[in-house]
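For this one, chain A is given, so just place chains B and C on it according to the hints.
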Amino acid sequence: MPKIIIAQSKCKGCELCILACSKKNIRLSQKMNKKGFHYVEIIDPDNCNACGLCFQVCPEVAIEIWK
Amino acid sequence: MKQLMKGSAALGEGAIQAGGGAYFGYPITPQNELTEYMSRRMLEERRVFIQAESELAAINMVFGASVAGARAMTSSSSPGVSLKQEGISYMAGCELPGLIVNVQRGGPGLGNISGSQADYFQAVRGGGHGDYQVIVLTPASVQEMYEMPSMAFSLSEKYRTPALILTDGILAQMQEPMELVKINAARSGDQSWILDGCKGRAPRKIRSLLMEEGALEAHNRHLQKKYIEIKNKEQRYQLINEQAEIMLVAYGVSARVCYTAVQEANRKGLKVGLLRPITVWPFPEKIIQELVPQVKAFLVIELSAGQMVEDVNLAVNGKTPVYFYGRAGGACVTPEEVIKEIGKI
Amino acid sequence: MKKLFGKPESLTTVNHKYCPGCGHGIVHRLIAEVIDELGVREKTIGIAPVGCAVFAYDYWNFDVTEASHGRPPAVATGIKRVLPDRVVFTYQGDGDLAAIGMAETIHAANRGENITVIFINNAIYGMTTGQMAPTSLLGMKTTTTPFGREAKIAGYPIKVSELLVTLEGTTYLARGAVDSAKHVLEAKKAIKKAFEIQLSGKGYSLVEILSQCPPNWKMSVPESLEYVRKEMMTQFPLGVIKDKTGMTV
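As given, the protein sequences belong to chains A, B and C, one line each in that order. Numbering-wise, the first sequence is residues 1 to 67 according to the working numbering. Numbering-wise, the second sequence is residues 1 to 345 according to the working numbering. Numbering-wise, the third sequence is residues 1 to 249 according to the working numbering.
These are computed hints drawn from the structure, not numbers from a lab. Certain hints may be false.
[As the list claims (entries may be wrong)] Straight-line distance between alpha carbons at most 16 Å, and here's what the computed EDC-like set of lysine to aspartate or glutamate pairs gives:
id, chain 1, residue 1, chain 2, residue 2
1, C, K3, A, E64
2, B, K205, C, D58
3, C, K7, C, D85
4, B, K231, B, E285
5, C, K43, C, E9
6, B, K158, B, E95
7, B, K205, B, E95
8, B, K199, C, E162
9, B, K199, C, E231
10, C, K17, B, E212
11, C, K141, C, D36
12, C, K244, C, E162
13, B, K199, C, E9
14, C, K17, C, E33
15, C, K7, A, E64
16, C, K43, B, D196
17, C, K2, A, E64
18, C, K192, C, E33
19, B, K271, B, E341
20, B, K199, C, E42
21, B, K205, C, E42
So here's chain A without its partners, still in its complex pose (with noise of 0.2 Å):
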């Protein structure tokens, strides 16, 4: 099972990911990082197959992929 790792800290909320997820299994925190941005979450960790499209788009680099 692939581990996905989101830097909270370093989240800007910009969605970039949310809108690549091709599971639609990313979203945004009710709850906001220390520079004041709701960062995003995985729904649903078993629901993730890798495909690292959510790390391509992130401007951050604020995900990281294991398997």
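The following block gives chains B and C in isolation, referenced to the frame of chain A:
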């Protein structure tokens, strides 16, 4: 062995003998002979020569070549040197060494192509934006044109700040006997800032943009400390007749006119001497202050409407009269005119 | 477990100052990945411009110098001629490259300098908060074209890559975008090819990347992506514009 050589060629050969690794130029009269000389000699020596698309490009190529660790230089004439000022400011801000040659011509604007000394303020007051100085050297003979690039590169590297050779169209186009003496090409100063790829070390960054709180002020303090050190250690001059009562002050081509005037005046029994600044930044103020008690008057001679005279006045500080005679717009002062001015004192 | 996707070695951990959704961060990463993959991090010298990417030297984990506005090609020329075996690239926006620095751009290209130019075209001056760029589209509202860019007053958007085609000195010219993962991956291939061309000594390469600027375009991120796709790509079509190498991407 002495030989005849043109000023611009002597300067170019001096830069090559001093290990100049990269030259970038752009045509403008009266410095074209230098660019042309370098176009042949640099290729013969398998070094870098580029005729750039503009003076802006040329100075920024110097910036790049300096970043990469070469002894880099450019040359131009007054309007072209104005265009280079932005790049020179960046080099000063980034603490990059490099050599700029200004073969001065008459101004302002397009002016004319006669030799002049009207860019003194631009040279010794920084020239571009921000609080900075460049080291400014002034040759007065073809021999010095040949020997000065080595001194300029060396000082520039020692203090990591650009150096400028301030000469003019007369000296650059003049031919006179000179000797191709051995030139010191040893690189001086710390080199741990050069960008050549981060193999075996941490990556380096060259920048003058300092946006962090207080960082730019701290950088300016560091620069000013360096400039004070240069002022204290690097004032250079030539003094003729140190016991003189009337001391002429002139640099470059006007100093040559003054040599003749001093000889003529001495023949007439007048106690006239000459102080020739070799560095005009740092300005040789210490020797002027030492001369003040014995000198009855200073007479500053320039091919300008009066620029260096301000530095003489600052050094003298009102303790002795300071007179000025100069001709602007590319006109040249004659020894007779200088003698006449001495007579007026 | 194995890391499939993550920060390349050629990027530092410094957080970008870019606005949310901006394409600069993506292109920074692509360059870093290409440099890692080619194994040239320790012999690369980058040149950061004036503009939004002015802080780029903080984001790359290799030697980087600043350059004054528009002059990166001249600075790159100076570095590359002195150190021909190093990898030298400039990173420039549309104002830097195509307005104030157009002369340096054209002449470095015309000399066939063996350098790589990464050109970010977002049709606007971002750092100075949204003035018209040479690449701004006709009708585009900016802070200096409040009624929309009008050709009669402000001329036409410059197609830089097409403009450089006629120059003998250019080896490889390509245009990509970072509006989608697919385009990001294609852009990376073009960037990699550009660096490979330099490494094989084949001369000047430029990759133009269409990038979104949501805040200065006064758009949401999804709207800005649509603008890139519908408007920018119509004016600036994606693809290889010139390739003298015959190498396939």
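Right, here's what the structure says about each hint:
1. This hinted pair checks out: C:K3 and A:E64 have alpha carbons roughly 7 Å apart, not beyond 16 Å.
2. The suggested pairing of B:K205 with C:D58 holds, with an alpha-carbon distance near 8 Å, which does not exceed 16 Å.
3. Restraint check for C:K7 and C:D85: not satisfied, since their Cα atoms lie roughly 27 Å apart, outside the 16 Å limit.
4. Between B:K231 and B:E285 the alpha-carbon distance is near 9 Å, which keeps this suggested pair within the 16 Å criterion.
5. A C-alpha spacing of about 14 Å is found between C:K43 and C:E9, which places the hinted pair at or below 16 Å, so the restraint holds.
6. At most 16 Å may separate the alpha-carbon atoms for a hinted pair to count; B:K158 and B:E95 meet this at roughly 11 Å.
7. Among the hinted pairs, B:K205 with B:E95 is consistent with the structure: their alpha-carbon atoms are about 12 Å apart, no more than 16 Å.
8. The straight-line distance between the Cα atoms of B:K199 and C:E162 is roughly 37 Å, outside the 16 Å bound, and the hint therefore fails.
9. Only pairs whose Cα atoms come within 16 Å are accepted, and B:K199 paired with C:E231 is rejected, the gap being roughly 44 Å.
10. About 13 Å separates the Cα atoms of C:K17 and B:E212, which keeps this hinted pair within 16 Å; it holds.
11. The straight-line distance between the Cα atoms of C:K141 and C:D36 is roughly 39 Å, outside the 16 Å bound, and the hint therefore fails.
12. In summary, the hint linking C:K244 to C:E162 is supported, as the alpha carbons are separated by about 14 Å, within the 16 Å threshold.
13. Straight-line distance between C-alpha atoms of B:K199 and C:E9 comes to about 14 Å, which keeps the hinted pair within the 16 Å bound.
14. Straight-line distance between C-alpha atoms of C:K17 and C:E33 comes to about 20 Å, which puts the hinted pair past the 16 Å bound.
15. Distance check on the hinted pair: C:K7 and A:E64 sit about 8 Å apart at the alpha-carbon level, within 16 Å; holds.
16. A C-alpha spacing of about 7 Å is found between C:K43 and B:D196, which places the hinted pair at or below 16 Å, so the restraint holds.
17. Taking the CA atoms of C:K2 and A:E64, the gap is about 11 Å. The hint holds against a cut of 16 Å.
18. Distance restraint check for C:K192 and C:E33: the Cα-Cα separation of roughly 9 Å lies within the 16 Å cut-off, and the hinted pair is therefore satisfied.
19. Simply put, B:K271 and B:E341 have alpha-carbon atoms about 14 Å apart, close enough for the 16 Å limit, and the pair holds.
20. For the suggested pair B:K199 and C:E42, the alpha carbons sit about 5 Å apart, so the restraint of at most 16 Å is met.
21. For the suggested pair B:K205 and C:E42, the alpha carbons sit about 14 Å apart, so the restraint of at most 16 Å is met.
In summary, the numbered hints that this structure violates are 3, 8, 9, 11 and 14.
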